[in-house]
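Following the hints, position chain P against chain Z.
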Amino acid sequence: MGNSIKRAGTVAITAFAIGAAGAHAQEITNAATTTAKPMSANLVPIDGAMLEKAGSDAKNWLHSNGNYANTRFYPGAQINAGNVGKLKPAFVFQTAVLESMETAPIVINGVMFLTTSFNHVYAIDAVTGEEYWHYKHKMGPITTYCCGPNNRGVAVEGGTLFMGTLDAKLVALDAKTGKLLWETQIADPDKGYSETMAPVVIDGKVLIGTNGGEYGIRGFVKAFDAKDGKLIWTFNTIPEKSEGVWAKNDLTGRDMHRDIEAEKAAYAKDSSFYQTLGGGVWMAPAVDLKTKTVFFVVGNPSPDLYGAIRPGDNLYTDSMVAVDLDKGTYKWHSQYIAHDVWDLDAVSPVILTQAKDKSGNMVDVAIHGGKTGHVYVHDRATGALIRFSEAMVPQENMWVLPTKTGARMLPGANGGVEWSPMAINPKLRMTYAANLHQPMTYHVEEAAYPGGKLWLGGAFKTIPGEEQSGRLVAVNLDTGKVAWTVKTPQPLIGGVLATAGDIVFNGEANGWFKAFDAKTGKELWKYNCGAGVNAPAVSYMVNGKQYVAVAAGGNNQIDAKRGNSVFVFAMP
Amino acid sequence: MIPMRSMVLSSLMLWSALGSAQGGPAPDASIKDKVDTCVACHGPGGNSASGVFPTIAGQTGRYIYLQLRDFKEGRRKDPNMDAIAAALSQQDMLALGDYFSKQKQAPSAFKADGAKVTAGKKVSDAVLCPMCHLGGFEGQNEIPRVAGQQYDYIKKQLADFKAKRRTNDAGNMTSVAGGLSDDDIENLAHYITNLY
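Chains Z and P supply the protein sequences, listed in that same order.
If you use the numbering used here, the first sequence corresponds to residues 9 to 580, in order.
If you use the numbering used here, the second sequence corresponds to residues 2 to 197, in order.
Looking at chain Z on its own, in the form it has when it is part of the complex (with noise of 0.2 angstroms):
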């Protein structure tokens, strides 16, 4: 996300907390299924087509993002703006593990598929909290990673469920009982690849990308064939020429501060470190079913901060990229700051939604929620920038090039939009985005390729004394305006989910969960869960009763107050 790990008022690295073993070590090991009671009969392999659709299927939410799209907009609107208020808690499912969850549930006909730290997998009853089994992954010796042991989640297609393992493997797992039906490494976790995104299945390919742009990998999106995992093409974010156009501006505009003619030299010198220039995908890749083509934003370069020895746009890092899906090749990108040295890269999901180009007219567009604190909307068939947002967060000093006893500027590394995925309205035309604002100085260290282990290249420090809070912020796609914005006193990591009840819901770090009204960004309702709400929220229908769905298990990356539960709510 480069993630930027910055616990408040400390030192960036040492949040970067990588490595699985130590106080964790009972949530890793005796790997197993469990059963607890026999799977639902409710319970149905899920085709193509359901998932095609899955955009207008109020009953279930079958995508971590809501569907192929990544809109995160539920359809039904039982729950609505106006009776939200009387929302109340149906269930609270506790798991094993208490450390961060990000994760977003799957719900097939009344069964939730949860995941945990660690690569624990849950399936429970989504009505009464009832767990049919437990999965643990039989984790390897070796685990690299940043920003917390993760998962976001599984992706399903069939009666197989898919998850990314933080010792980068693939696992498919039998969705009725839990049992591992195959699993394949992906990358070599010792060189600092791990997995913590939700996968994506379509037309039997499994798409996932990788974590490790703080270790010095070289980022992929990778397609494996759902039956036995076999790898069908791969997509490497980090082209052998990396160079690019040796953009002066950001894609907004503003100065980076370049000494291009210094970085042409030395590129001319050594352009090797492609093997080394980071690239991470972290979240869910979007997929356009019209066109068959994957769209993902590229995390950072590696290091981080030290942009000496990578001279060069570093290509395609900080960049929306679109690939075919049959065969993994390029279509286009769009980079929003070549050569970053602040870790303000690209992170959130790619959504697919609709929007009014410079002319006026309604074209298909690709969005996407940046750390600058912009939400750029681009072109879906060019890639071509038709506008970017108002800026979502304080911004001041951009772009100040780090120094070695640092350098303020505004945002802080973390964003902006972190990996939390943005949700849509598309009848209000609004897009909501759940930003952080960290005061931070960034400085700059020499530092060689330390093999596999964390490369940061300098520090990001948060501002002792200078106040952290959140902006749950929407914006107008078709303008780029800034509609209303709720401020929160804390930094917003876990993502929104937007409903067809005109509701927008969101998670605090202080344990808050709260619904908004989606055209005012009015308070209708709010929960305290008790730990960190840092997930997005799901929503789905079980004999015609509306539920909402949200993981409270704090956060690492901002040491949100650790939990171990999924909430539930649904009307009384």
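Hints may be right or wrong, so weigh each one.
Unchecked claim - Simulated crosslink set (SDA-like; lysine to any residue; CA at most 25 angstroms straight-line):
hint, chain 1, residue 1, chain 2, residue 2
1, Z, 199, Z, 457
2, P, 105, Z, 149
3, Z, 412, P, 157
4, Z, 277, P, 75
5, P, 163, P, 130
6, Z, 67, Z, 296
7, P, 165, Z, 317
8, P, 33, Z, 149
9, Z, 96, Z, 137
10, P, 35, Z, 148
11, P, 105, P, 75
12, P, 122, Z, 413
13, Z, 146, P, 31
14, Z, 199, P, 166
15, Z, 199, P, 140
16, Z, 235, Z, 317
17, P, 112, P, 80
18, Z, 199, P, 75
19, Z, 412, P, 124
20, Z, 249, Z, 276
21, Z, 366, Z, 490
22, Z, 199, P, 99
23, P, 123, Z, 449
Read the hints as simulated data drawn from the structure, not as lab findings.
No experiment lies behind these values; they were computed from the predicted model shown.
Frame of chain Z; chain P shown alone:
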């Protein structure tokens, strides 16, 4: 944290000399020969009796693994360790890390100076050592445990980081050590060795 130290020193030294017998599990047969090689310098169970060689008993398994890998792959240099690590497989390195991490560390036998311990803590707080090494210097993940480490070894590592003779940590320690004076380093070494 200084009281009692000198009074128990002699018994500690005896305990240390007795070494690993009661200090942790016995090595797996597959690495027994390799453990024997390690303890020839690092002491029984990894409790060194010399400032030339670090104590590795109780060190995190991950740190030991990563250092062995760096010696093997040339990112860290040492006249003794280079050749030893070159002969180790990944499995050996993981197993050795696991073995020594489970050995009980013996407290430092170094007689720390109280005033220097106090001064060292001030330096530690000023340059934020605990942010990575944690407050008791017990380490985490790839950050090593250094509490109770050999005094001379601590001094040498800080000096090596400062002079960029050691660079396998992605520059973090060079950044910190760059601002330390010789006195700071000496005081820090008194403080850290005295922590356990």
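- Query: Which numbered hints turn out to be false for this structure?
  - Reply: 11, 16, 17
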